[in-house]
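Undergrad: Listed below are the residues making up each chain.
There are 2 protein chains.
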Amino acid sequence: MEVNEMAGEECKAFLERASVGRLGCSYENQPYVAPIHFAYENGYLFGFSTFGQKVKWMRANPKVCVQTDEIENRSEWISVIIYAEYEELPEPQYAAERKHASSLLAKRYHWWLNALGYRQMRVGDQLIEPLFFRIRIQSMSGLRATGEK
Amino acid sequence: MEVNEMAGEECKAFLERASVGRLGCSYENQPYVAPIHFAYENGYLFGFSTFGQKVKWMRANPKVCVQTDEIENRSEWISVIIYAEYEELPEPQYAAERKHASSLLAKRYHWWLNALGYRQMRVGDQLIEPLFFRIRIQSMSGLRATGEK
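Protein chains in written order, with the working numbering: chain A, 657 to 805; chain B, 657 to 805.
By construction, these hints were calculated from the structure, which means they are not laboratory data.
Be aware that a few hints might be false.
The list treats identical chains as interchangeable, and a pair is accepted whether it falls inside one copy or across any two copies.
[Unchecked claim] SDA-like, lysine to any residue: derived pairs with alpha carbons at most 25 Å apart:
(1) K763 x I727
(2) K710 x S731
(3) K710 x E732
(4) K763 x M662
(5) K755 x E732
(6) K712 x Y739
(7) K719 x Q709
(8) K763 x M657
(9) K719 x E658
(10) K668 x Q686
Full structure from sequences and hints, please.
TA: See the structure below:
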């Protein structure tokens, strides 16, 4: 197995086809990791969520780390790690960005409406609006392992 | 899709068959996430690594979070999140624990010696010893999604 660092362009090409990552955030130096779905575009990961611990913590401390990978087998894999900053996209200030995020994500995550539907049911009458955000990439690095030779 | 919280016993049963997780650590409130291989036993995740950023940060701040999941498809998945504390197992103080960790991990990760071999090559003459650690689970919670009805 050979492990090589990926160039910035390779990382970007990978992010364009990736869709699931693990988002790390931290509050008072206690880390928290949760899976997220995202869509990459021009230096940003766009995502959505319902309100919960992750969002609460990122509002308090916007520094985040996203790790995403593609594992073919033990000796063929890619792993990209991103340092970034959380930016929420509330209305009305971010109406345009929110619409853009929503349309980018809708292409891939229409099915997620089911999950949101479930959350809505759990809180009875109260309607939970999806919360859109973007993650501004500050730096990233990637490793690629290639098979036995 | 229905999403339900998992009981403690269900989380444990899942950890017993899981082997890959994402470890979140944090230094000066900057989170970092990296994939890890682990073996669960009696309230601990045992793991190994070579020395790098992850270990450096966990020595400075032992609070960690591990997320691990099993995704069958969009509506059938399990995700477990663990809050825990990092404990390194250096010799000679932890010789017994280290041996135990090593034998638990060897059952699953013999192949990883290849990767260590690669790291050894990269630093020339210097031999990199695998570093063993355990993660003491303080609390955990899990969610299980079950398919469309």
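Undergrad: Against each hint, give a clear statement of whether it holds in the structure.
TA: Structure-based check of each hint:
no.	hint	in the structure
1	K763 x I727	both (24 Å within a copy, 21 Å between copies)
2	K710 x S731	between (33 Å within a copy, 21 Å between copies)
3	K710 x E732	between (31 Å within a copy, 22 Å between copies)
4	K763 x M662	neither (28 Å within a copy, 31 Å between copies)
5	K755 x E732	neither (37 Å within a copy, 29 Å between copies)
6	K712 x Y739	both (19 Å within a copy, 17 Å between copies)
7	K719 x Q709	both (15 Å within a copy, 17 Å between copies)
8	K763 x M657	between (36 Å within a copy, 20 Å between copies)
9	K719 x E658	neither (32 Å within a copy, 32 Å between copies)
10	K668 x Q686	between (30 Å within a copy, 22 Å between copies)
Hints 4, 5 and 9, counting from the list given before, are not met by this structure.
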